[in-house]
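Novice: These protein sequence lines are chains G and L, in that order. The first sequence begins at 1 in this note's numbering and counts up one residue at a time. The second sequence begins at 1 in this note's numbering and counts up one residue at a time.
Some hints could be false.
The calculated label-pair distances, taken between Cβ atoms and stated as ranges, are [as the list claims (entries may be wrong)]:
| no. | chain 1 | residue 1 | chain 2 | residue 2 | range |
| --- | --- | --- | --- | --- | --- |
| 1 | L | ALA159 | G | VAL169 | 57 to 63 Å |
| 2 | L | GLY119 | G | ALA264 | 57 to 63 Å |
| 3 | G | ARG249 | L | GLN125 | 37 to 43 Å |
| 4 | L | GLY41 | G | ILE179 | 53 to 59 Å |
| 5 | G | ARG248 | L | GLY41 | 24 to 30 Å |
| 6 | G | LEU166 | L | GLU174 | 36 to 42 Å |
| 7 | G | ILE39 | L | GLY119 | 51 to 57 Å |
| 8 | G | ALA91 | L | GLY119 | 32 to 38 Å |
| 9 | G | GLY233 | L | ASN68 | 38 to 44 Å |
| 10 | L | GLN216 | G | SER240 | 49 to 55 Å |
| 11 | L | ASN262 | G | SER240 | 40 to 46 Å |
| 12 | G | GLY250 | L | GLY119 | 45 to 51 Å |
By construction, these hints were calculated from the structure, which means they are not laboratory data. All residues carry an ideal CB built from backbone N, CA and C; glycine is no exception.
Here are the chains, one letter per residue:
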Amino acid sequence: MKAFMNHLAFEFGTGVRNKNLLLMNYLFPLGFYLLMGFIMPAINQPFRETLIPAMVVFAILSAAMLGIPDPLVNARENGIFRSYKINGVPALSILVIPVITTTLHLLIISFIITMSAPLLFAVTYPVNLSGFILTFIAMAMASCGTAVLIGVVASSSRMTVLWSQLIFVPSMLLGGVMIPYSMLPGAAGKISQILPATHAMNAFRGLAMGLQADFSAWGSIIILVLTGIFGFGLALFLFSWDSRNTRRRGPAWLAFLVLLPSIAGMFFLG
Amino acid sequence: MATAIVTVKDFRKQYGSFTAVDGISFEIHEGEIFGLLGPNGAGKTSTLECLEGLRKPDGGSLQIAGLNPAAESQKLRNLIGVQLQAAGLPESITPREAMRLFCSYHNVAPRYDLLERLGISEKSQTQFYELSAGQQRRLVLALAVAHDPKVLFLDEPTAGLDVASRVELHSLMEELQAKGTTILLATHDMAEAEDMSDRVAILLKGKLAAIGTPMQITATGAGLTRISVRTECDSLLHPVITFPSVQHFKVEEQYIIYFSQNVGATLADIMASINLHKDTIIDLRVERPSLEDRFLEITSRGGVR
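Full structure from sequences and hints, please.
Specialist: Spelled out as C-alpha cells, the structure:
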C-alpha cells in the first residue's frame, strides 16, 4: 500500500510538472472555459444554463483523452513498463494510477470552473450537487477507462492521437458541449449517443442542472459507468509489458467492445 | 564445491523461425562475477531477458536461487536487481523520487546513500530527462542494488560512464561480491570483463562458444604472445634478427616486436643475441593474448574449434 501511495504521489506531481500534462489537465480546459465564458453566454442565452457542465465535460475529455494515452504509450515504448515489472510494480498500478491522478486533477479544475463561472459569467449554478458529482464521477470513469484502453492498444504515439481525436472531436461537435442534443438532426442525435460526452451532458441536464433531460438521465449514468468498467477491464486484459506491444492476451480489436454499452443504449434509450 | 545460484540448461529462445538461443547450458556460482560476452545478435539479451523473467524460454530450463523466472517472477523480484541497457524511467522522475518509489515496491527503506556514493546526490531533485547519460546510468544502477539483491544483472553498465564513475562502479561491484552478491555482467568491454569477471561465457550465434576463467579462455586460443624489445645499440634491428621460435615480427619506431607461442625459447634467444652483441636492454615487454584477442579469434572464425 505504501508503494502504491508513493507511486500515486509521484504520478500526481507529474500531472503538474510535465508540461504536456499541465496543458491537458489545466491550461487547455481553463483557457477554453474563459474563452467560451466570455463569448457564448453573450451570443446564446440558453448556454448560461449549461456552461458549467459543458466546460466540465470538456475538461474531462481534454485531461483523459488527450492526457492519458500518450504517456502510457511512451512509457511502454521507452522500456519503463519493463523496468517497473522487474521492480515488482503490478500492471494494475500502472493502469489505475493514471486514472486516479487524472480524476484528482479533474476534481480541482472542475471545482475551479464550477465555483468561478457564476461569479465571472453569471451562469446557472448546479441545483443538485450530488447529481452533479455523480455525473462527474460517471463521465470521469467512462473517459479515463476508454483513454487507458487507447493507451494500452495503440501501436504508437501517432495512433493514440488518431484514436483520441476520433472521440474528442465528435464529442465537441455532437456531444452537447457546444450544440444541444435537442438541436441535432435525428440521425446525428442517435449517432451522438455513442459518445460519453452526450450521456454526460444529458445526465448533467437531468440530474444536476434542473433541466429537462433529452432521454433517460439514469440510463446515461449506467452507460457511462459500464463504459468505464468495460474500458478499464479490457485495458487490464490487453495490457502488455513488452515495449513493442506484440504480446497480448487477445487481439487489439477486442478494444471495440468498450462501445457495447453505448451501442446498447442507442437501442434502449429514447 | 561452489553452489550454483543460476542454472541454465538446454535453454532455447526463438522469435518466429529465428533461433536466438540454441540450447545453451551453464551455471553461475554464488558470489561469482560472471561475464556474458558476444557480438550483437549472439543471444545475450534474450538470455538475460529470460533470466530476468521478462520473456519466456521456448525450451530448456532456467533457475535462479531455485526459482523459475517465467513462472515465479513475483517471488524473484526481491532476489534480483537489474540494470537494463535502456534507462527505463519516467522522464519527470527525480533520483530521490525514483529511489523512494522502487525501494517501496521492494519493501525496503530508501537507500539515498547510494545516490551519494554514485555521485548523483547533487542531482537528487533533478528530473530524469535533465540528467546526463552517465548520471542516468548511475541512477539506474543505484536502483538495481538498493534492495541488496542476491543476483545482480548488469547490462553494459559502464557504457557512457566517465573514468571516475567507471572506477567507482567497479569498486561497488567488488564490494557487492564481497557481500556475497552474484553478478551477471553483460558487456562489450573486453578489458572490463577480463578484469572483473571470475568466469566468462562467450555466446556466438545463439550457442556457447567458450566458457571458463579469462585465463583459461585466453590460454586455449591460438593467440601469440607479443614480446616488444628496445636495446641501446639496436642490435636486433640492424640487421633485423629473428629466431626459430618466432612466428612473425614487426618493427615499430625503435622496437622490434616478436610474436611467439614459445615465449621461453624466444626470450632466451633474445637474451643470447643481445649478450653476443654486447648490447643492453632499454625496454622489454611481454604481453599475453588478451581476452579481446581471443574473443576476436572466436568470433572471426564463427565458433569454437
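Novice: Are the hints correct? Go through all of them and say.
Specialist: Hints and how they fare:
1. L:ALA159 / G:VAL169: 57 to 63 Å: Given a distance of about 44 Å, which is not inside 57 to 63 Å, the answer is violated.
2. L:GLY119 / G:ALA264: 57 to 63 Å: For GLY119 of chain L and ALA264 of chain G the Cβ distance comes to about 59 Å; the hint holds.
3. G:ARG249 / L:GLN125: 37 to 43 Å: holds, 40 Å
4. L:GLY41 / G:ILE179: 53 to 59 Å: Holds: the Cβ-Cβ distance is about 58 Å, inside 53 to 59 Å.
5. G:ARG248 / L:GLY41: 24 to 30 Å: holds, 26 Å
6. G:LEU166 / L:GLU174: 36 to 42 Å: violated, 56 Å
7. G:ILE39 / L:GLY119: 51 to 57 Å: The hint (51 to 57 Å, Cβ to Cβ) holds, given that ILE39 of chain G and GLY119 of chain L are roughly 55 Å apart.
8. G:ALA91 / L:GLY119: 32 to 38 Å: Cβ of ALA91 of chain G to Cβ of GLY119 of chain L: about 34 Å, so the range 32 to 38 Å holds.
9. G:GLY233 / L:ASN68: 38 to 44 Å: violated, 29 Å
10. L:GLN216 / G:SER240: 49 to 55 Å: Violated, at about 42 Å.
11. L:ASN262 / G:SER240: 40 to 46 Å: violated, 59 Å
12. G:GLY250 / L:GLY119: 45 to 51 Å: Check passed, 46 Å falls within 45 to 51 Å.
Checked against the numbered hints above, the structure breaks hints 1, 6, 9, 10, 11 and satisfies the rest.
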